[in-house]
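Trainee: As a plain string of letters, each chain reads:
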Amino acid sequence: MNNPRGQPEDWSAFTKAKTTRADPLYESAKTVHNKRIDGPFRRFKWLVMLVTLGIYYGTPWIRWDRGEYAPDQAVLIDLANRRFYMFNIEIWPHEFYFVAGLLIMAGIGLFLVTSAVGRAWCGYACPQTVWTDLFQHVDRFVDGDRNARVRMEAAPWTFGKLSRRIFKYMIYLVIGFWTGGAWIMYFADAPTLTVDFWTGQAAMAAYITVAILTLTTVVLGGFMREQVCIYMCPWPRIQTAMMDEKSLLVTYKDWRGEPRGSVKKAQKSPDEFGDCIDCMQCVQVCPTGIDIREGPQIGCITCALCIDACDKVMADIGRPRGLIDYATLEDCEAEAAGQPARPAWKALMRPRTFAYTLIWGAIGLGLLFALGARSHADISVAADRNPPFMLMSDGSVRNSYTIKLRNMESQPRQMEVTLNGLSGGRMWTETISSDEAAPSQIFDVPADQTLSTRVYVMAPADTMAQDFMLELTTLDEQRETDSSATKFAAPGDK
Amino acid sequence: MMANEGSDTKTPATKRIDEPTGTEFVGHEWDGIEELDTPMPRWWLWTFYLTIIWSIAYVVLYPAWPLVEKGTEGVLGWTSRGQLAEEMSLADQARASVRERLSRTPIERIPEDADLLQKAVAGGAAAFKVNCVQCHGSGAAGSQTLGYPNLNDDDWLWGGDINAIEYTLVHGIRQQGHDETRFSAMPAYEGVFDDTQIDAVVDHVLSLSGKAQPNAAGADIYDVNCASCHAPDGTGDRSVGAPNLADAIWLYGETPAQVRRQILQPRMGMMPKWEGRLDPVTIKMLAAYVHSLGGGEDFVEVTAEGEDPPAVEVDEQS
Ligand code: SF4
Ligand code: SF4
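As you go down the protein sequences, you meet chains A and B in turn. As numbered in the numbering used here, residues 161 to 654 make up the first sequence, in order. As numbered in the numbering used here, residues 240 to 557 make up the second sequence, in order.
Check each hint, because a few of them may be wrong.
[Said to hold, decoys possible] Derived lysine-lysine pairs resembling DSBU-like cross-links, with alpha carbons at most 35 Å apart:
1. A:647 x B:254
2. A:564 x A:406
3. B:450 x A:564
4. B:358 x A:647
5. B:368 x A:564
6. B:450 x A:328
7. A:190 x B:450
Treat the hints as calculated values from the structure; they're not laboratory data.
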């Protein structure tokens, strides 16, 4: 019988194998009560948390003067007017490629980070991680450290436990509410919205958004926690596919640690045991509740808290640090084979990282260049083709066009539109009467807006159908120009 | 046998356990990667139950099951038609203030208020698409073959200022039995002149706009028979809707045969009177729209000496 997988030849065993299941189909998640730890990585995590949360909560409150015609909020997504403000950059809907570019950069940035330092995004900067960390600190603040929390979970529902739980969930709610509250500030003027929000005058969408985000924050950060990373997030899967033996991982150096043995045992027979004293500190501090000594696994977000924990233990028992450490699989193999440890930073120097950096930087520079080179005035012309042309009583031919003049500056501008290439052509508009028809007209375009207007272009009798241009010049010191080609329809066409 | 083989692979002969996790293997293997029988998290199950509850609630609240005649209606009574009606009435309410302003503003004063004018033109464009395109065409270019006037040009039979246009809309053209309608009739000259005379008149008429050589005999006939309405120089008379014959625009065509036919058996257009069919505000909006098409003329106020022009009642608050 064909047996490509090296399975047992005795197929009769398969038919008998209707075994009862040992494992249940479903399993309730066990709450992770991670222990407090201090160390360089923990401090770095504190710093990242401070910075990221600071950015998140603080950004909408930064003011940025754009003159009287534009909002003075530094970062604002103005959905109603379809504008995106970011400091001195203002993005219009037609420039959405900037946003697309930024998203591509963010994507490649994640690749870059993964290539260089593995799942560092997961371990430090991901909102799920940051908020989970925050909520775990709340747990610690209310119920005490790991042991107290484990006891508390097992304890019967006394009044004390109930009141503590209520207190804790109140804090959860406040954090969740604050998270949702900060989110909506990005979509409207923050101080005004705050007042409106508390006086009940904000848009319904604001209250609904806050409610939804409060809920998701509390559910995802307060209860789901590591379950999000393990079961719901696609990023670990993508990362797993992107990692190779040259990627930095938080690794337990089993050749050094195994076999495990307590300090006492190790003292009795020093040659028999490795460095790991099986104190379980690394497991207890882990925010996702895994045992890194089982090897690299999807549950590990590489937050490096176990490194802090183990380093501390190693310091206490007088052994060198780094039993658990950032290392690549390749380096681990080399080290296990007896070669000296290679410093982790060397793992950063790899062609793939440089390639990503290059691509990332090129897109960034491209975007910056496009941003610098973009014009703030723009004309587009659409010919009205129903009817294509009008014969006037004196035989002259009139065409009409809808022109759009876009003013991307936050101040009103005068723009002059001139006919080019239509001899004898004159134009007027719905507001400029035909008595004032001329080869060029001046339009007042309001600040930060597109002026859409119908223009009539008249050419003398017997003008043939032809192409011509409408040229725009701004009448300010920038003198920006743009032009749009269109057709003049006439009976001479036939 | 085949079926057996398929299901067999799901249950391995011997239970094999993955050492680090302590979980059983399922038995599926791809290039050395094996699937573990890790239990699903229980919240996953709850989420599944929640979706079931949601679906039941949805089925109870909203239209869901298609039946023979209709579907189940749902206890909320929601319908997409109802939603549309609601949105339409909201839109009507939003427009109410504009309509109110329009009804209070005399037609010739609308152009003074750019915002109101813009709204009137937009409303007129919409009403035009419903009521007028059947004859005048969606681009308001009319039809020479059928004799529907083009509303885009600067040639007006009965006047092209906004008041005149409104009057035409309200009272129509050649509406029998309506005293205020615009009315005139071009006599039919069939049998009145002989062929040479007709040809001479056609020549003369076309020569008014430079399309033919002047014809003295034709000019004489014209002066006697036509000039009273179409004016000696052929520029027409709007008070009787006599078209301008000296311009480049020809309602029924500019070939000698077309002009000849119009003299012998004249066609004269009719236009419905819209008063009573459309409300005055819609008619105002239509007038504003037609006036805006590019040939609209300025309204010249005719007021008696010493009299103030009518007060403009535009309430800016509304
Ligand atoms: S195993 Fe270590 S690095 Fe991985 S998540 Fe747990 S504590 Fe963080
Ligand atoms: S913290 Fe270090 S010594 Fe303690 S169990 Fe973990 S790996 Fe072993």
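Trainee: If a hint holds in the structure, say so; if it doesn't, say that too.
Mentor: Verification of the hints:
{"no.": "1", "hint": "A:647 x B:254", "verdict": "79 Å, violated"}
{"no.": "2", "hint": "A:564 x A:406", "verdict": "55 Å, violated"}
{"no.": "3", "hint": "B:450 x A:564", "verdict": "40 Å, violated"}
{"no.": "4", "hint": "B:358 x A:647", "verdict": "29 Å, holds"}
{"no.": "5", "hint": "B:368 x A:564", "verdict": "24 Å, holds"}
{"no.": "6", "hint": "B:450 x A:328", "verdict": "95 Å, violated"}
{"no.": "7", "hint": "A:190 x B:450", "verdict": "97 Å, violated"}
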